[in-house]
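Could you build the full structure based on these sequences and the hints that come with them?
As they're listed, the protein sequences go chains A and B. Residue numbering for the first sequence is 1 to 206, as defined by the working numbering. Residue numbering for the second sequence is 1 to 149, as defined by the working numbering.
To be clear, the hints were calculated from the coordinates, so they are not data collected in a lab. Fair warning: there could be bad hints in the mix.
Partial selection, computed: residues in chain B whose CB lies under 10 Å from chain A [claimed, not checked]:
#1 T4
#2 K6
#3 K7
#4 I8
#5 I9
#6 I12
#7 V17
#8 T18
#9 R20
#10 P21
#11 K22
#12 F25
#13 K28
#14 R96
#15 Y104
Computed cross-link-like contacts, BS3-like style, restricted to lysine-lysine with a CA-CA straight-line distance of at most 27 Å [what the hints assert, rightly or not]:
#16 A:K51 with A:K36
#17 B:K28 with B:K99
#18 A:K51 with B:K7
#19 B:K99 with A:K36
#20 A:K36 with B:K7
#21 A:K51 with B:K6
#22 A:K90 with B:K28
#23 B:K22 with A:K36
#24 A:K51 with A:K90
#25 A:K201 with A:K155
#26 B:K99 with A:K51
#27 A:K51 with A:K155
#28 A:K155 with A:K197
#29 A:K90 with B:K22
#30 A:K90 with A:K155
#31 B:K7 with A:K90
#32 A:K51 with A:K192
#33 B:K99 with B:K22
#34 A:K155 with A:K192
#35 A:K90 with B:K99
#36 B:K6 with A:K36
Glycine included, each C-beta is placed from N, C-alpha and C at the ideal position.
Next come the chains, spelled out residue by residue.
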Amino acid sequence: MDVSLGMSMINQDNSIKEAAKASDAADEQLVVLALKDDRYYEIIVERYEPKLRRYVPRFIHCSDADAQDIIQDVFINAYRNLNGFDTDLKFSSWLYRIAHNEAVSHLRRLSARPTIIMEDETFEALASELNTETEVGNKLEGIKLHAAIGRLDEKYRDVIVLRYLEEKSYDEISDILRKPSGSVSSLITRAKRILLKELKKNAIIE
Amino acid sequence: MSETSKKIIEEIHNRNVTHRPKWYFFIKNISVWALLAAAIFLGALTMSIEESILEAGVGVHGFLSSSFFLLVFHGISLLWLLCTMLFVVFAFLNLRLTKEGYRYRAWWIGLGILLLIVTFGLLLSREGVGDRIESAVEHTSLSHGYGGH
Numbered sequence: 001m002d003v004s005l006g007m008s009m010i011n012q013d014n015s016i017k018e019a020a021k022a023s024d025a026a027d028e029q030l031v032v033l034a035l036k037d038d039r040y041y042e043i044i045v046e047r048y049e050p051k052l053r054r055y056v057p058r059f060i061h062c063s064d065a066d067a068q069d070i071i072q073d074v075f076i077n078a079y080r081n082l083n084g085f086d087t088d089l090k091f092s093s094w095l096y097r098i099a100h101n102e103a104v105s106h107l108r109r110l111s112a113r114p115t116i117i118m119e120d121e122t123f124e125a126l127a128s129e130l131n132t133e134t135e136v137g138n139k140l141e142g143i144k145l146h147a148a149i150g151r152l153d154e155k156y157r158d159v160i161v162l163r164y165l166e167e168k169s170y171d172e173i174s175d176i177l178r179k180p181s182g183s184v185s186s187l188i189t190r191a192k193r194i195l196l197k198e199l200k201k202n203a204i205i206e
Numbered sequence: 001m002s003e004t005s006k007k008i009i010e011e012i013h014n015r016n017v018t019h020r021p022k023w024y025f026f027i028k029n030i031s032v033w034a035l036l037a038a039a040i041f042l043g044a045l046t047m048s049i050e051e052s053i054l055e056a057g058v059g060v061h062g063f064l065s066s067s068f069f070l071l072v073f074h075g076i077s078l079l080w081l082l083c084t085m086l087f088v089v090f091a092f093l094n095l096r097l098t099k100e101g102y103r104y105r106a107w108w109i110g111l112g113i114l115l116l117i118v119t120f121g122l123l124l125s126r127e128g129v130g131d132r133i134e135s136a137v138e139h140t141s142l143s144h145g146y147g148g149h
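Pasting the structure below:
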């Protein structure tokens, strides 16, 4: 075998191994590496594609094909703007911000009102959260909140989805929505109050 | 790698998407700060002109007997005030566009900008900048025959 060909195969193999190791690397490190080598971006896509595939339909009601289009645009936009990634932020917050903006643009193009698709476990988690804060008791447990959340204004739905379905911290939500943490906190409190009112009105709870 | 992930990577390659260069973001960031600084400076400038008009107004009120001239005088002062407010709004919007701008409450940002403009405006006024601009504007309008008398 030609020595130079052999060396290049070894080098290639080593870099693939490095890439494999990098799959455990922090997002921010991966971004630095992805700017030099696209294979690292593949790791980012692999890491976040399932998360965004859950987040986008939770935030807006859309078909699988639409969700895939949105997610594709998110990763293309992120790739294009990778040099502009603010290292003061968490990479996930930056990517969710892009996803949020893409989803909102998609909604505006369709002029549609989003509805939420929730799994029972996430719903139950939110229901129990509402319980602890308001002492309504255990009556909420197991009740479907889909419709009530779908009727919320966009600003309230945003924070509810990010806080309880995506389990983001207040600071992360602040970075994703570009709102002060204090406003995020007030929005969440107000959203929960409106949600409870809505549930009481519809006699879901007493 | 999942099918969707593969498709995304393929699409990036098919569309020949490239990373925007670092200087693009640098210029974008600098432009926002430059516009913010310009808005604050212009706001302070209009504020100092306004202050010099109001100062002169103390004497002018007794001097101008015609209500028409008083109306014009108040109109001019109101126009500068409007300009200052426009620059405050412009500076506010620019500050919200900066990387960290969204982290602060809107009214804190508004108050901060207003304080900056007022302080800087008073400093310019003390240096006589407002008087000089105001007399230059007056001189230009007189030389174009808008002075009336």
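Straight-line alpha-carbon gap B:K6 to A:K36, limit 27 Å: Roughly 19 Å between the alpha carbons, so the hint for B:K6 and A:K36 holds.
Hint B:I8 vs chain A: min CB-CB distance below 10 Å? 5 Å, holds
Taken at face value, is the distance from the CA of A:K90 to the CA of A:K51 at most 27 Å? Judged against 27 Å, a Cα distance of about 15 Å means the pair holds.
Taking only the CA atoms, is the gap from B:K28 to B:K99 under or equal to 27 Å? Measuring from Cα to Cα gives roughly 11 Å; hence the hint holds.
Mind checking the alpha carbons of A:K51 and A:K155 for me, to see if they're no more than 27 Å apart? Between A:K51 and A:K155 the Cα gap is close to 21 Å, so the pair holds against 27 Å.
With the threshold set at 27 Å, check whether the alpha-carbon distance from A:K201 to A:K155 stays at or below it. 21 Å, holds
Satisfaction of hint between A:K90 and B:K7, Cα-Cα up to 27 Å: Given that 27 Å is the threshold and the Cα spacing comes to 26 Å, the pair holds.
Hint check: A:K90 vs B:K99, CA-CA at most 27 Å. Holds or violated? 14 Å, holds
Sort out whether A:K36 lies within 27 Å of A:K51, counting only the CA atoms. Status holds; Cα separation ~25 Å.
Chain A contact restraint for B:F25 - C-beta distance below 10 Å: 4 Å, holds
Next pair to validate is A:K90 with A:K155; report whether the Cα-Cα distance is within 27 Å. 22 Å, holds
Below or equal to 27 Å on CA atoms is what counts here, so check A:K51 against B:K6. At roughly 16 Å apart (the allowed maximum being 27 Å), B:K6 and A:K51 satisfy the hint.
Violated hints: none; the structure is consistent with every hint.
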